[in-house]
Amino acid sequence: MKNPFENLDKVLEHRIRLQIMSVLMANESYDFSSLKEVLAITDGNLASHMKALEKEKYISVNKSFVDRKPSTKYKATDRGRTAFKKHLDALEQVVKQQK
Amino acid sequence: MKEVQEYEKDLASIRTMMERSAKFISLSGMSGILAGIYALLGATAAYFITYYPVSPFRYRIYSIQEPDTLWKLIVLAFVVLTASIATGIWFSSQKAKKNNTQLWNTTSKNLMINMAIPLITGGVFILILLSNGHFGLAAPACLVFYGLALIQGSSNMYDEIRYLGFSEIILGLIGAILPGYGLLFWAIGFGVLHIVYGAIMHNKYDR
Chain A
2 MKNPFENLDK VLEHRIRLQI MSVLMANESY DFSSLKEVLA ITDGNLASHM KALEKEKYIS
62 VNKSFVDRKP STKYKATDRG RTAFKKHLDA LEQVVKQQK
Chain B
70 MKEVQEYEKD LASIRTMMER SAKFISLSGM SGILAGIYAL LGATAAYFIT YYPVSPFRYR
130 IYSIQEPDTL WKLIVLAFVV LTASIATGIW FSSQKAKKNN TQLWNTTSKN LMINMAIPLI
190 TGGVFILILL SNGHFGLAAP ACLVFYGLAL IQGSSNMYDE IRYLGFSEII LGLIGAILPG
250 YGLLFWAIGF GVLHIVYGAI MHNKYDR
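Keeping their order, the protein sequence lines are chains A and B. Oh and the first sequence: position 34 is 35 in our numbering, straight run, nothing missing. Oh and the second sequence: position 91 is 160 in our numbering, straight run, nothing missing.
Source of the hints: derived by calculation from the structure; they are not laboratory data. From the three backbone atoms N, C-alpha and C, an ideal C-beta is built for every residue, glycine too. Watch out, some of these pointers could steer you wrong.
Taking CB as the label site, the calculated pair distances span [claimed, not checked]:
#1 A/Lys56 / B/Phe235: 44 to 50 Å
#2 B/Arg84 / A/Lys52: 24 to 30 Å
#3 B/Ala114 / A/Gly45: 52 to 58 Å
Using the sequences provided together with the hints, build the complete structure.
Shown next, in the form of structure tokens:
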């Protein structure tokens with residue numbers, strides 16, 4: 002039998018990144034400050050994980066100004082959605098195999 | 070490599086994050102109860118403007134004719150609406166403070182945009198009905214469009230709201246068949262149902 006651990010996504014093994022992707026799967030788009038609030042983490046921490054996801058092209062970034070204040074919106078890309086689903090399947094396999 | 074328990078926690082956290090990020094959890098059950106009470110008070114006042122002294126449970130065979138009465142009812146409806154919205158915002162902001170979250174975030178913005186479409190359409194449609202003299206269908210139309218707005222917004226709220234939406238639509242459609250009971254159905258839909266669902270949500274989520 003194939004080892005389900007091999008199917009786990011290295012980038013999404015980190016829980017905060019997985020949570021960020023969960024939020025972006027459930028919502029069309031999400032802005033930085035709302036993400037920070039939902040995840041309850043610091044600016045710097047969130048920014049570094051967003052960079053990592055951006056580098057993998059799992060998310061797309063849209064910077065704009067709303068009422069002269071900068072607003073950064075994130076969306077999951079198709080690539081990110083596929084990776085998330087694959088990782089989720091692998092997680093389920095891993096957990097199932099242990100039972 | 071992580072322990073299997075850690076992967077189980079990963080799975081659990083996916084679910085919580087999806088829920089928490091997409092749902093407007095600051096919505097307060099108490100504001101639903103109060104909105105219901107305002108609606109019942111408003112309906113009672115409307116009864117004294119129109120039906121009185123005929124029993125509220127008697128089927129009304131004639132519609133309002135005097136523009137004066139109509140204006141009183143429109144102002145009354147507007148007061149009930151404003152009071153309910155203000156109460157809703159106040160209670161939600163209190164709850165948001167308690168939960169340490171922002172009232173105005175991505176979720177509440179989405180919720181408002183989703184609900185605004187059926188609500189504004191309904192509002193304009195009812196004004197057209199009134200201006201054409203179709204007074205009897207105004208109250209059921211309120212219920213139907215409000216129900217549609219709730220269903221539209223329910224993906225951003227607690228699941229119970231979807232059932233409240235369906236109840237409002239069904240009540241509105243029955244009310245449209247029996248326009249003589251317009252006020253009665255309006256009072257059940259905006260008064261009784263809000264109190265019932267508000268109480269359910271208060272018991273389930275606000276304690």
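We went through each hint and held it up to the structure:
At about 45 Å, the CB distance of A/Lys56 to B/Phe235 agrees with the hint of 44 to 50 Å. The hinted window of 24 to 30 Å between B/Arg84 and A/Lys52 holds, with their beta carbons roughly 26 Å apart. Under the hint 52 to 58 Å, the C-beta atoms of B/Ala114 and A/Gly45, about 56 Å apart, fit the expected range.
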